[in-house]
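Respectively, the protein sequence lines represent chains S and B.
For the first sequence, the working numbering puts the final residue at 278, and the numbers step up evenly by one.
For the second sequence, the working numbering puts the final residue at 120, and the numbers step up evenly by one.
No wet-lab data here; the hints were simulated from the structure.
It cannot be assumed that every hint is accurate.
Unchecked claim - With a straight-line Cα cutoff of 20 Å, these simulated DMTMM-like cross-link-like pairs (lysine to aspartate or glutamate) come out:
| no. | chain 1 | residue 1 | chain 2 | residue 2 |
| --- | --- | --- | --- | --- |
| 1 | B | K62 | S | E243 |
| 2 | S | K221 | B | E36 |
| 3 | S | K221 | S | E243 |
| 4 | B | K80 | B | E24 |
| 5 | S | K235 | S | D190 |
Stated by the list, open to error - Okay, the calculated bits of chain B under chain S, using three or more residues with CB under 8 Å as the criterion:
| no. | stretch |
| --- | --- |
| 6 | 53-63 |
| 7 | 105-115 |
Yeah, the Cβ is synthetic: ideal placement off N, Cα and C, and Gly gets one too.
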Amino acid sequence: NAGVTQTPKFQVLKTGQSMTLQCAQDMNHNSMYWYRQDPGMGLRLIYYSASEGTTDKGEVPNGYNVSRLNKREFSLRLESAAPSQTSVYFCASTPGGVSYNEQFFGPGTRLTVL
Amino acid sequence: AQTVTQSQPEMSVQEAETVTLSCTYDTSENNYYLFWYKQPPSRQMILVIRQEAYKQQNATENRFSVNFQKAAKSFSLKISDSQLGDTAMYFCVEGTSYGKLTFGQGTILTVHP
Numbered sequence: 165n166a167g168v169t170q171t172p173k174f175q176v177l178k179t180g181q182s183m184t185l186q187c188a189q190d191m192n193h194n195s196m197y198w199y200r201q202d203p204g205m206g207l208r209l210i211y212y213s214a215s216e217g218t219t220d221k222g223e224v225p226n227g228y229n230v231s232r233l234n235k236r237e238f239s240l241r242l243e244s245a246a247p248s249q250t251s252v253y254f255c256a257s258t259p260g261g262v263s264y265n266e267q268f269f270g271p272g273t274r275l276t277v278l
Numbered sequence: 008a009q010t011v012t013q014s015q016p017e018m019s020v021q022e023a024e025t026v027t028l029s030c031t032y033d034t035s036e037n038n039y040y041l042f043w044y045k046q047p048p049s050r051q052m053i054l055v056i057r058q059e060a061y062k063q064q065n066a067t068e069n070r071f072s073v074n075f076q077k078a079a080k081s082f083s084l085k086i087s088d089s090q091l092g093d094t095a096m097y098f099c100v101e102g103t104s105y106g107k108l109t110f111g112q113g114t115i116l117t118v119h120p
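Just chain B, same shape as in the assembly (with noise of 0.2 Å):
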């Protein structure tokens, strides 16, 4: 079984400032893949980046990138510059077989002016 654990229920950062989404996996997966999801107020669950787990780059999309450390089951979200609309739910989640989703609890993020 597949469990994904976000630590952080709640973070808030200024706008413009940089901030750091922690989770960590535990999956008995050999061929698994890892996203971060976000869900705005208005509830629309909307991708923000994917990581393929054979591969050691970490996946960048703009001005969000994670830190994937495979051996440890770490996969982290950093967001730079961070802006008004970026305020939402995010949600670690690892993606299998067949494309069954694991989600973690989610953290809260608010972004201050």
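Bound conformation, chain S alone (with noise of 0.2 Å):
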């Protein structure tokens, strides 16, 4: 099992460009998350997917939208980046249902805005 990939893993962008982030899990887990990672910082909830077929928004969803596209990819798209969005994204996965489950994360994806 691959657990959770994230592609790609290093991306520059210029501001004003589109892109989209792709996360997928072999797990058959039902919830999906999205969070930044600023340096120095923990990593902050974007959005979530709590089961396949529907997403909320989570701290800091501004800039960003997502798509369960089923129940095993999760896609995180910046329609027009700016610098602020300069972080290092996750993916991460969990069986759902209770908050105690254990997230799986992703190796993250690593995005320059210039």
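Since each chain comes alone in its own frame, lean on the hints to assemble the complex.
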């Protein structure tokens, strides 16, 4: 099992460009999450999908959109990238249903917006 | 809203010694869980230990244990017999409904040989 995979691993964008970060999990998990981690800080929740077909805003959703394509895949889109979105982005998944479940994280995508 | 505070930006310890990382939290939730995650230089997030808030007994996981003081909203992590592989950023995390996690700012732990 690959666990949680993310593509790409690195990306450099110019201000105003758009891109989609891809995330997939092969653990048959119901819930998936997108976080961002700024230098020297903890992760902050951008969006989450408690189950297939649902998505909800987290703590810092502005400037982002998400799509739960199917049970396995959860993508994050930046429509018009800004330098403030320079960060490391992590996708995570969990079986869902209760809050004590461990979240399994992907390796992260380092995004730089110039 | 939930907030998690880690007041120690950096800590260091000698190999084989014991170190305690501090954490306080503030939550409006009745049903929540607490976690410690570590992030080594590889950037991978790894669960260290978890604590159900409704349980009074402190969780232990091999060399890792917690001191959970619910009334004081305190959740510290004790690492015994520290190893070089314990060098990492440690995050105190609160988990609430739908698995939403709130992270503290992190504590960088360095284990010296």
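Does the structure break any of the earlier hints, and which numbers would those be?
1 and 4
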